[in-house]
Amino acid sequence: MDASNYLYISALLFTIGAVGVVVRRNAIVVFMCIELMLNAANLSFVTFSRINGDLNGQVMAFFTMVVAACEVVVGLAIIVTIYRSRRSASVDDASLLKR
Amino acid sequence: MKWLTLLMLLPLAGAAIISMLPKSMEKAAKQAALGTSLVVMAATIAMVVRFQRDNVDFQFVEKYSWIPSFGINYALGVDAIALVLILLSTILVPVVVLAGWNEAHGGRWSVKTFYILILVLETMMIGVFAATDVFLFYVIFEAMLIPVYFLIGGYGTGERAAAAVKFLIYSLVGGLLMLASVIALYVMSGAQGGHTFDINKLSELQMSSTTQNLLFLGFFIAFAIKAPVWPFHTWLPDAAKSATPGTSVLLLGVLDKVGTYGMIRFCLTLFPEASETFTPIILVLAVISIIYGAFLAIGAKDIKRLIAYTSISHFGFITMGIFAMTSQAQSGAILYMFNHGFSTAALFLVAGWMISRRGSSTISDFGGLQRVTPIMAWTFFLAGLSSLALPGLSSFVSEFLVLVGTFTRYPVHAIIATFGIVLAALYILIPVQIALHGPTTPGNEELKDLNLREKLAIAPVIAIIVVLGFYPAPLLKVINPAASHVITQMGFTDPAPTNGGK
Amino acid sequence: MTTSTSLVYLIALPLAGAALLLLGGRRTDKWGHLLATALSASSFGVGVYQLTQMLGRSTEERPVSQKLFDWINVGAFNVDAGLLLDQLSICFVLLITGVGTLIHIYSISYMSHDQDRRRFFAFLNLFIAAMLLLVLGDSYLSLYVGWEGVGLASYLLIGFWNQKPAYATASKKAFVMNRVGDMGLSFAIMIAFATMGTVSFAGVAEQAENTSEAALTGMGIMLLIAAAGKSAQFPLQAWLGDAMAGPTPVSALIHAATMVTAGVYLITRSNFVFDAAPTAQLLVVIVGAITLMFGALIGTAKDDIKKALAASTMSQIGYMILAAGLGPVGYAFAIMHLLTHGFFKAGMFLGAGSVMHGMDDEVNMRKYGALRKFMPITFATFGLGYLAILGVPPFAGFYSKDMIIETAFNAGGVKGIILGSVTLLGAAITAFYMTRVMILTFTGTKRWDENAHPHESPWLMWLPMAILAIGSVSSGFLLSRGDALVNWLHPLFDHHEEHEQHLLEPIVVSGLALTMVAIGIAIAFVKYSRQDVASVAPEDVSVFTKIARQDLMQDRFNETVFMRPGQVLTTTLVATDEVVIDGTVRTVGKIAMGSGSALRGLQNGFVRSYAALILLGAVALVAAIWVVVQ
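Chains as they are written, first to last, in our numbering: chain A, 1 to 99; chain B, 1 to 502; chain C, 1 to 630.
Derived from the structure by calculation, the hints contain no laboratory data.
Treat the hints with caution; some may be incorrect.
[Unchecked claim] Derived pair list, reagent style DSSO-like, types lysine-lysine, alpha-carbon separation capped at 30 Å:
| no. | chain 1 | residue 1 | chain 2 | residue 2 |
| --- | --- | --- | --- | --- |
| 1 | B | K201 | B | K23 |
| 2 | C | K590 | B | K301 |
| 3 | C | K367 | C | K546 |
| 4 | C | K67 | B | K477 |
| 5 | B | K63 | B | K301 |
| 6 | B | K455 | B | K27 |
| 7 | C | K527 | C | K546 |
| 8 | B | K27 | B | K201 |
| 9 | C | K373 | C | K527 |
| 10 | C | K164 | C | K546 |
| 11 | B | K448 | B | K27 |
| 12 | B | K448 | C | K164 |
| 13 | B | K23 | B | K455 |
| 14 | C | K367 | C | K527 |
| 15 | C | K415 | C | K164 |
| 16 | B | K2 | B | K301 |
| 17 | C | K30 | B | K455 |
| 18 | B | K301 | C | K164 |
| 19 | B | K2 | B | K448 |
| 20 | C | K164 | B | K455 |
| 21 | C | K590 | B | K448 |
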């Protein structure tokens with residue numbers, strides 16, 4: 001099977017994720033969209049690993065997973081804290097750095 | 001004995017002592033600063049005495065590896081040109097400290113910070129003239145901006161913050177261009193016998209004329225801003241107006257000399273061919289500076305701005321002398337750097353005392369001071385005469401040497417520049433008439449004349465101006481070999497008498 | 001050449017006096033004037049000593065030199081601080097110190113009520129020192145130091161009462177116009193160095209014959225400009241009238257007897273330049289002729305006694321410059337007229353000061369009249385000076401002025417006739433305006449105010465006047481007896497003993513001159529003695545009188561041509577600097593700040609817009625790479 005089909009799916013997933021990050025307000029949804037983008041990237045890595053016939057891509061994918069896991073830990077903690085203090089999970093409400 | 005390092009360390013030691021004093025001991029801080037600067041002056045004189053005046057190489061050389069991986073050294077050494085400028089700096093600092101005894105009050109920070117800044121600046125002034133490693137020079141050249149920035153922005157008057165920022169940005173732009181040239185030199189030196197920043201080795205670099213021109217411009221614009229040469233001058237009047245008189249003296253008297261010093265040390269030495277290529281343009285800029293600065297001084301309403309504009313005119317003379325490539329003009333330019341330091345110092349210090357008494361720096365707020373405060377008025381007058389280069393005062397010797405030296409090679413430039421001496425009479429005598437002559441302006445009747453401290457501060461400056469006017473030989477004997485060395489290195493010889501073509 | 005170690009005392013004594021009195025301050029108030037006078041007198045003593053020494057030596061060995069120290073030595077530019085006393089400079093030394101000392105004595109009394117008398121004497125001493133340096137310097141550059149030194153002293157003394165704004169302006173005007181002349185001297189020195197490689201008198205004299213005429217002409221013209229500035233010659237004459245703002249002794253010393261004659265000194269000293277540059281020499285004559293008429297015409301219309309005398313000075317120096325421009329035959333006569341003029345004009349100025357002293361500082365001659373009875377000594381001394389300036393035999397002016405007129409006629413051709421006529425006409429006008437001064441001041445009816453109490457001046461004042469009057473009577477006779485001065489100066493000037501064809505016999509010239517003088521006197525008598533003089537200057541006068549009263553429009557000319565355009569240029573440049581140059585700088589700053597605040601709008605604090613921007617940036621980057629790779 002043509003490997004490029006995997007890349008198309010990866011691009012599609014990435015686009016969905018990106019659009020989700022930009023469009024949605026709910027922090028949890030934004031978060032999930034980011035995960036989607038990360039996984040889209042993972043898919044590309046694995047695909048390229050397959051195309052090139054070595055393991056570099058797969059190694060990178062593991063790295064990404066680790067990073068994603070860390071991000072989830074920290075990110076969720078932040079979101080929960082924000083929700084606690086503001087009673088809202090909307091990212092637009094958290095613009096304290098500007099004002 | 002490591003004279004130069006010693007000279008640089010002494011002020012730092014003084015600064016360290018002052019920093020340990022409690023804030024309330026303001027008088028002690030002043031005394032410590034004065035004492036330190038006097039010691040530095042004495043040490044400099046001790047060094048000057050040991051200088052071999054017929055030796056054109058760097059003397060009192062010191063060299064320590066600083067960042068070996070980049071070939072950067074802490075390398076110091078002075079020739080006659082650097083020597084007289086260091087002497088100028090170290091004489092002016094105690095004068096400034098004594099003259100501006102009270103000018104640190106009312107600043108944004110404490111009195112002791114002011115003196116720490118002054119002393120740190122003194123270290124850098126010595127270092128910038130003594131550095132023989134281009135990188136070290138560059139670092140000090142830029143680092144000098146820091147104390148000056150705080151001195152103007154923290155202790156000045158009026159729109160001091162704006163003036164300080166303007167000064168800083170102007171200088172940084174120039175410094176950036178110079179940095180690019182410095183890096184280019186470094187890179188090229190790598191291809192020709194190993195990376196180095198040593199000025200002697202860099203001067204032997206082979207490079208194409210385009211490269212040389214570009215690198216020359218990088219250095220020259222930095223120095224032209226520093227000097228300042230028209231049209232890079234507009235920071236100076238603002239900075240001089242806002243700074244305290246003492247800071248202005250150091251700014252105009254010493255820091256600006258870094259520009260003209262750099263032209264000789266770096267532009268001429270490193271890029272002789274490019275210097276020759278650009279000489280016509282630079283001479284025109286210099287002549288414009290002379291005339292333009294004089295006209296602006298005539299039109300100035302504020303006494304500090306006026307002095308700043310006269311300096312632009314004088315720096316035009318210095319630049320012209322440097323690039324005229326005759327031994328008279330070169331010696332004259334170097335002597336001019338020294339003399340201008342004192343004549344401007346005298347003008348600025350007395351103007352500062354006038355301003356602090358009257359509470360205004362507008363010339364027309366004064367009037368009839370000669371009858372109210374005779375000593376102050378006559379000192380100002382004498383300083384003014386020195387600025388208009390009256391024969392018998394030191395500036396005349398240097399100005400005339402520059403003119404006569406330029407005339408032998410570039411008569412037209414010299415002729416136009418000579419018109420500056422008529423304008424000089426106007427820009428000095430107009431403020432003299434407004435401020436010192438005529439009936440006493442209401443509100444000035446009670447002004448106090450100079451006190452003993454002020455007299456003590458100005459007396460040596462006036463003495464130097466008068467003595468060097470009649471007997472410049474001691475200084476000229478030191479300067480001449482260095483000046484003719486520069487000319488010879490550039491491949492020039494003085495034009496022979498033409499006999500008018502007969 | 002003979003060397004001497006005592007020349008320096010000529011300068012050092014008065015210079016020490018100036019320094020002591022200026023630095024000593026109020027402590028020296030009590031005896032400062034005495035010290036200054038004594039030092040000036042001792043300088044005169046040194047001068048006399050030098051003269052006796054000089055007389056004892058053979059002609060070739062008369063010049064004396066003294067090297068003081070290395071002054072400026074750079075490359076080929078070598079100037080020593082050296083002094084040179086020769087036959088020419090000794091004349092000046094004696095005139096400066098002699099007349100100077102008399103005027104010191106006079107000033108003791110004249111300035112006795114001025115609280116700043118000490119400062120006045122310090123400046124007088126400074127002037128004497130600078131003037132001596134001017135005539136003793138052995139190079140153009142040392143002359144330059146004295147040249148500007150006397151300019152400074154003149155500035156200080158004109159503006160001695162500078163609390164009056166007009167006086168302060170007058171002093172500034174004098175200094176600035178002098179600086180224009182000084183610029184000429186700078187150029188001359190530069191030309192000398194560039195073409196001959198030396199700036200000493202001896203060096204230039206030696207090199208002059210190897211140098212092209214063009215270069216020498218250039219140098220000569222520049223020297224002429226310098227002389228015009230210092231000697232108030234056309235076109236730099238406008239400052240002299242205003243310079244009368246200074247105390248009258250100053251006018252007598254600086255603006256009549258000594259400093260203003262420095263131009264004549266410069267031209268005679270540079271005879272080797274002018275003799276080799278006929279064009280420059282011709283210009284000297286022209287300038288002299290113009291000024292001689294210019295000053296004389298102004299003199300006819302002035303009511304201010306000092307300004308009338310100043311105009312006369314200008315005119316008489318015109319005579320000297322003219323004579324100096326006639327070349328070797330004229331130099332000695334220029335110097336002779338300079339010396340006799342020093343006596344009679346200084347005497348008359350002191351007389352004017354004495355009149356002012358008795359008339360509460362009134363200077364308007366229309367407010368004088370019939371002062372002869374009240375001030376007999378002043379009248380007598382002034383009258384002797386008057387006869388001298390007219391050139392009535394056997395008074396001093398007769399010898400010196402007639403020689404100039406005669407030499408002018410003998411210049412040959414049309415030039416000789418024109419110059420001769422101008423000098424003759426000048427003599428007639430001189431007679432007219434000087435007679436006018438005499439009549440208005442000393443004869444006729446009294447026109448002064450009720451509260452004026454004219455009285456004779458104290459002996460300290462009339463004694464110097466009397467001595468100068470003796471000089472006015474005898475100096476001409478003494479100097480020309482057996483051609484004493486001509487022979488004395490002879491070795492300095494390349495005087496070819498060519499017995500050229502005299503256009504007019506000397507006796508004819510004298511006859512003509514005396515006739516012209518008589519005509520001038522007669523007109524003045526008819527105009528001012530036969531009818532009453534209005535105590536206020538009449539307004540219904542001819543347009544010529546009006547122009548002459550305004551100094552022949554010299555100030556208006558300078559204002560229109562130089563001052564106003566200069567002011568416009570200054571304001572334009574100030575505006576240019578503010579708007580164009582600093583404006584450019586500030587615009588660059590504004591652009592940086594403006595783009596900063598524009599971009600700041602992007603930092604809106606919304607996470608999603610940041611994310612969108614990151615996305616856009618990434619897409620743009622990928623697109624850019626894609627385009628490049630394609």
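Against the structure shown, which of the earlier numbered hints fail to hold, in ascending order? The structure breaks hints 1, 5, 8, 15, 16, 19, 21; every other hint is satisfied.
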